[in-house]
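Novice: Quick note, this note's numbering runs 95 ahead of the 1-based positions in the sequence shown.
If you're looking for bench data, these hints aren't it; they were derived computationally from the structure.
Bear in mind that the values here come from a model prediction, so they are computed numbers and not experimental data.
Any given hint could be a false lead.
[Claimed, not checked] Straight-line distance between alpha carbons at most 30 Å, and here's what the computed DSS-like set of lysine-lysine pairs gives:
| id | residue 1 | residue 2 |
| --- | --- | --- |
| 1 | Lys161 | Lys146 |
| 2 | Lys194 | Lys157 |
| 3 | Lys161 | Lys134 |
| 4 | Lys157 | Lys146 |
| 5 | Lys146 | Lys134 |
[What the hints assert, rightly or not] Here are the in silico distance ranges between beta carbons for each label pair:
| id | residue 1 | residue 2 | range |
| --- | --- | --- | --- |
| 6 | Arg165 | Met118 | 34 to 42 Å |
| 7 | Leu191 | Leu162 | 38 to 46 Å |
| 8 | Ile130 | Pro110 | 43 to 51 Å |
| 9 | Pro188 | Gln166 | 12 to 20 Å |
| 10 | Gly163 | Leu137 | 38 to 46 Å |
| 11 | Glu111 | Gln138 | 31 to 39 Å |
| 12 | Gln166 | Glu111 | 31 to 39 Å |
| 13 | Gly197 | Tyr141 | 48 to 56 Å |
Every residue, glycine too, gets a C-beta built ideally from N, C-alpha and C.
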Amino acid sequence: AVKGTQNVGRLPTVPETMQAAVMSGFAISFVAQPIEGVKARLQVQYDSASKVYSGPIDCIRKVVAKLGIRQGLYRGWTMTALCRMSNYAYFGPYELLRKQFGMTSGSSG
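Sequences are here, hints too, so could you generate the full structure?
Specialist: Put into structure tokens, the structure is as follows:
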């Protein structure tokens, strides 16, 4: 047998699913935080008097020039990561109930 093939075709356990949700939430927060920060800065421009940025690229340029990448684009990353990592609270019970009711991946329920 090829090493590592014993789990091929096996559905993940509930703890494995929860661990995957935490790890994917951690990873996606690196992408989501800058996007959410830029979006929030653009959304608070209510009128021409409060307009600072002409668009997303202009916002990124100005924020990085003024605050740098870490404090500008990744400010608040910890909370974003914790929020995204909390997906285990959704996927864990979902998998548990799915298995409890004998449902498998791909079943139409």
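Novice: Please go over all the hints and tell whether each is borne out by the structure.
Specialist: Evaluation of the provided hints:
1. Using a Cα cut-off of 30 Å, the hinted pair Lys161 and Lys146 holds, with the two alpha carbons roughly 16 Å apart.
2. For the suggested pair Lys194 and Lys157, the alpha carbons sit about 50 Å apart, so the restraint of at most 30 Å is broken.
3. With a C-alpha separation of about 17 Å, the suggested pairing of Lys161 with Lys134 holds against the 30 Å cut-off.
4. Distance restraint check for Lys157 and Lys146: the Cα-Cα separation of roughly 13 Å lies within the 30 Å cut-off, and the hinted pair is therefore satisfied.
5. Between Lys146 and Lys134 the alpha-carbon distance is near 13 Å, which keeps this suggested pair within the 30 Å criterion.
6. One distance hint, 34 to 42 Å for the beta-carbon pair Arg165 and Met118, is violated here, with the actual separation near 22 Å.
7. Between Leu191 and Leu162, the C-beta spacing of about 43 Å keeps the proposed range 38 to 46 Å intact.
8. With their beta carbons about 30 Å apart, Ile130 and Pro110 fall outside the hinted range of 43 to 51 Å.
9. The hinted range of 12 to 20 Å is not satisfied by Pro188 and Gln166, whose Cβ atoms lie roughly 37 Å apart.
10. Distance hint check for Gly163 and Leu137: the Cβ-Cβ separation is about 19 Å, which falls outside the suggested range of 38 to 46 Å.
11. Taken as a hint, the range 31 to 39 Å holds for the pair Glu111 and Gln138, whose Cβ atoms sit roughly 38 Å apart.
12. At about 36 Å, the CB distance of Gln166 to Glu111 agrees with the hint of 31 to 39 Å.
13. One distance hint, 48 to 56 Å for the beta-carbon pair Gly197 and Tyr141, holds here, with the actual separation near 53 Å.
In terms of the numbered hints stated before, the structure departs from hints 2, 6, 8, 9, 10, listed from lowest to highest.
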